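Number of protein chains: 2
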Amino acid sequence: MGQTWDSAIKEQLLRVDELMNDSIASGQPELTEICGHILASGGKRMRPGICILAFMASGGEDPEKVIKMATAFELIHSATLIHDDINDDSELRRGTLTAHRKYTVPKAIIAGDYLFVQGFRLGGSMDETVINSIADACNAMAEGEFIQSDHERKAGTPIEVYRRIIEGKTARPIEAGARVGSYLAGGDSFMIEAMGGYGLNIGLAFQIADDILDVVGDLSATGKIPGIDIYEGKPTLPIIMAMEDEKVGSRVSEIFAKKVKTDSDVQEALELIRSTDVVERCKTFAREYAQEAKDFLEGVPDSEYRDSLLILADYVVERNL
Amino acid sequence: MGQTWDSAIKEQLLRVDELMNDSIASGQPELTEICGHILASGGKRMRPGICILAFMASGGEDPEKVIKMATAFELIHSATLIHDDINDDSELRRGTLTAHRKYTVPKAIIAGDYLFVQGFRLGGSMDETVINSIADACNAMAEGEFIQSDHERKAGTPIEVYRRIIEGKTARPIEAGARVGSYLAGGDSFMIEAMGGYGLNIGLAFQIADDILDVVGDLSATGKIPGIDIYEGKPTLPIIMAMEDEKVGSRVSEIFAKKVKTDSDVQEALELIRSTDVVERCKTFAREYAQEAKDFLEGVPDSEYRDSLLILADYVVERNL
Numbered sequence: 005m006g007q008t009w010d011s012a013i014k015e016q017l018l019r020v021d022e023l024m025n026d027s028i029a030s031g032q033p034e035l036t037e038i039c040g041h042i043l044a045s046g047g048k049r050m051r052p053g054i055c056i057l058a059f060m061a062s063g064g065e066d067p068e069k070v071i072k073m074a075t076a077f078e079l080i081h082s083a084t085l086i087h088d089d090i091n092d093d094s095e096l097r098r099g100t101l102t103a104h105r106k107y108t109v110p111k112a113i114i115a116g117d118y119l120f121v122q123g124f125r126l127g128g129s130m131d132e133t134v135i136n137s138i139a140d141a142c143n144a145m146a147e148g149e150f151i152q153s154d155h156e157r158k159a160g161t162p163i164e165v166y167r168r169i170i171e172g173k174t175a176r177p178i179e180a181g182a183r184v185g186s187y188l189a190g191g192d193s194f195m196i197e198a199m200g201g202y203g204l205n206i207g208l209a210f211q212i213a214d215d216i217l218d219v220v221g222d223l224s225a226t227g228k229i230p231g232i233d234i235y236e237g238k239p240t241l242p243i244i245m246a247m248e249d250e251k252v253g254s255r256v257s258e259i260f261a262k263k264v265k266t267d268s269d270v271q272e273a274l275e276l277i278r279s280t281d282v283v284e285r286c287k288t289f290a291r292e293y294a295q296e297a298k299d300f301l302e303g304v305p306d307s308e309y310r311d312s313l314l315i316l317a318d319y320v321v322e323r324n325l
Numbered sequence: 005m006g007q008t009w010d011s012a013i014k015e016q017l018l019r020v021d022e023l024m025n026d027s028i029a030s031g032q033p034e035l036t037e038i039c040g041h042i043l044a045s046g047g048k049r050m051r052p053g054i055c056i057l058a059f060m061a062s063g064g065e066d067p068e069k070v071i072k073m074a075t076a077f078e079l080i081h082s083a084t085l086i087h088d089d090i091n092d093d094s095e096l097r098r099g100t101l102t103a104h105r106k107y108t109v110p111k112a113i114i115a116g117d118y119l120f121v122q123g124f125r126l127g128g129s130m131d132e133t134v135i136n137s138i139a140d141a142c143n144a145m146a147e148g149e150f151i152q153s154d155h156e157r158k159a160g161t162p163i164e165v166y167r168r169i170i171e172g173k174t175a176r177p178i179e180a181g182a183r184v185g186s187y188l189a190g191g192d193s194f195m196i197e198a199m200g201g202y203g204l205n206i207g208l209a210f211q212i213a214d215d216i217l218d219v220v221g222d223l224s225a226t227g228k229i230p231g232i233d234i235y236e237g238k239p240t241l242p243i244i245m246a247m248e249d250e251k252v253g254s255r256v257s258e259i260f261a262k263k264v265k266t267d268s269d270v271q272e273a274l275e276l277i278r279s280t281d282v283v284e285r286c287k288t289f290a291r292e293y294a295q296e297a298k299d300f301l302e303g304v305p306d307s308e309y310r311d312s313l314l315i316l317a318d319y320v321v322e323r324n325l
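Residue numbers (our numbering), protein chains in the order written: chain A, 5 to 325; chain B, 5 to 325.
Read the hints as simulated data drawn from the structure, not as lab findings. A few of these clues could be false.
One copy or two, either will do: identical chains are not told apart, so a pair holds if it fits within one copy or between any two.
To be verified - Straight-line distance between alpha carbons at most 27 Å, and here's what the computed DSSO-like set of lysine-lysine pairs gives:
no., residue 1, residue 2
1, Lys106, Lys265
2, Lys263, Lys106
3, Lys228, Lys265
4, Lys265, Lys251
5, Lys262, Lys228
6, Lys228, Lys263
7, Lys48, Lys265
8, Lys69, Lys262
9, Lys48, Lys298
10, Lys158, Lys106
11, Lys265, Lys158
12, Lys72, Lys265
13, Lys298, Lys106
14, Lys251, Lys69
15, Lys72, Lys158
16, Lys48, Lys14
17, Lys287, Lys158
18, Lys48, Lys287
As the structure is a prediction and not an experimental result, all values here were calculated from the model.
Please take these sequences and the hints and turn them into a complete structure.
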């Protein structure tokens with residue numbers, strides 16, 4: 005088997021999982037269980053992976069130095085997943101019931117807060133530069149979520165607003181992880197900028213790919229019911245583009261703006277979007293950001309970690325697309 | 005006018021308010037507005053006040069050293085208020101509409117997260133001992149809320165469980181603030197223990213007094229509709245004691261355990277509780293904890309700050325009781 009994006013850091017990612025499990029131990033077994041539930045449905049550990057790869061690719065030697073930080077980012081990310089699922093009242097995440105549906109909203113809110121705190125506890129042993137990076141990333145997330153919430157079901161949402169939403173909620177946090185990884189390795193300002201630029205762009209590519217999957221994916225591949233973004237009125241790139249389409253635009257907009265949507269509304273919108281070239285054009289966008297991410301690695305010395313980052317850039321856009 | 009608990013630190017509390025306002029500035033005006041909304045309804049700044057007084061009473065000289073920390077505690081406390089109000093679906097806090105009722109649940113969840121992060125950002129400039137204290141206090145809060153949520157509408161909840169709930173959600177965070185204040189002043193272990201013991205016990209006294217006010221208070225004095233704890237099925241000390249009362253116990257328990265309660269159910273339970281000696285017995289408990297808090301200050305050198313802490317101990321139990 006060829007190299008996958010995470011094969012060079014498998015061991016470190018296991019350490020992240022270990023440290024996450026240690027971090028969620030609590031006097032309340034059910035609290036630990038809810039946190040474990042979200043960690044288990046948390047996916048491929050791309051965020052801590054990028055943080056660790058940025059550290060290693062920047063010449064970091066002792067990965068123990070970055071593991072805490074990578075774990076902190078993943079814990080905070082998991083906290084936001086729980087809270088996002090409440091805000092969207094999502095039913096499924098990676099094919100399993102979301103935390104608030106399984107354990108009630110109050111318990112899920114508390115568990116999210118708890119994960120936030122564990123993330124900051126781990127990050128808190130770092131210097132002020134690092135803390136501020138984490139806090140800035142969290143602020144960007146909050147602001148991105150806020151803009152998104154302000155544009156729910158708004159048919160005329162411009163692509164520029166979408167760009168700001170995904171930059172805040174996805175790309176800035178990944179950028180912060182990459183920057184901090186490089187910083188902890190003692191990377192110079194060129195290296196930190198390179199890793200930051202990589203992180204920002206791969207974050208944008210990743211989110212666009214994710215939003216495409218909501219249109220073309222299916223439950224068995226993504227663990228999510230397709231069309232959720234239409235159902236929830238989230239202005240994603242494919243939806244915005246479809247709403248601007250000459251042929252299907254007005255009907256897609258009409259469905260998108262509806263406060264109460266039936267399953268057949270959502271199905272109709274999905275089919276209309278798929279009947280256009282919107283998905284292909286979105287893929288082009290995602291690939292361009294992935295290319296931009298790779299370009300940022302140009303002056304970075306060759307290593308298996310740099311290779312991993314390059315592989316990851318292709319992977320995030322091509323998975324299931 | 006005589007000395008009030010906060011007259012010796014008025015200036016420092018104004019600095020806390022300033023720093024809180026600086027901390028909530030965001031690129032999203034409405035996010036800032038929601039945070040400002042909760043800060044404005046946040047009350048008397050008792051938590052940062054205790055942190056500052058513990059610092060000063062421990063011989064701290066430059067209050068600037070403690071202001072950041074005191075502010076961090078208040079920001080984190082405010083974050084939990086927003087999330088608690090969502091969890092209880094409370095309508096009013098200090099007479100004004102709660103954040104989620106005014107701005108929607110998703111925006112309130114995000115605003116709470118945002119306040120958490122700003123608190124940790126301020127705390128993050130401190131050393132690891134301090135970060136761990138804050139994180140431990142947050143964990144205690146989460147665990148307290150969790151136990152509370154597990155005992156909602158449970159008529160047989162023992163007083164011991166109530167003790168654990170209020171210790172976690174109220175007393176441990178106040179204890180942490182007092183300890184950290186003393187620690188930042190360079191207090192020795194006697195001093196830190198004294199302040200910690202004061203904080204823990206005043207926290208218990210404060211919460212019992214608060215729970216009494218839900219039975220005997222009125223909207224104009226407390227800004228909350230009385231009987232909320234009965235309505236929400238929260239096992240507070242007066243409610244638990246009333247449920248154990250020979251005469252009214254079985255009826256109060258019956259109402260308490262009801263999933264859907266009418267206003268007249270709640271009124272009936274309130275009147276039944278008031279007809280017993282439960283409120284007086286609860287006051288005795290609160291006064292005992294307040295006395296215990298004062299006893300912890302015995303070996304602490306005389307100062308206007310120590311006096312302030314003594315005044316506060318009386319104030320938290322006697323206000324409106």
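>> Hint by hint, where does the structure go against what was stated? Just the numbers, ascending.
In response: Of the numbered hints, 7, 8, 12, 13, 14, 15 do not hold.
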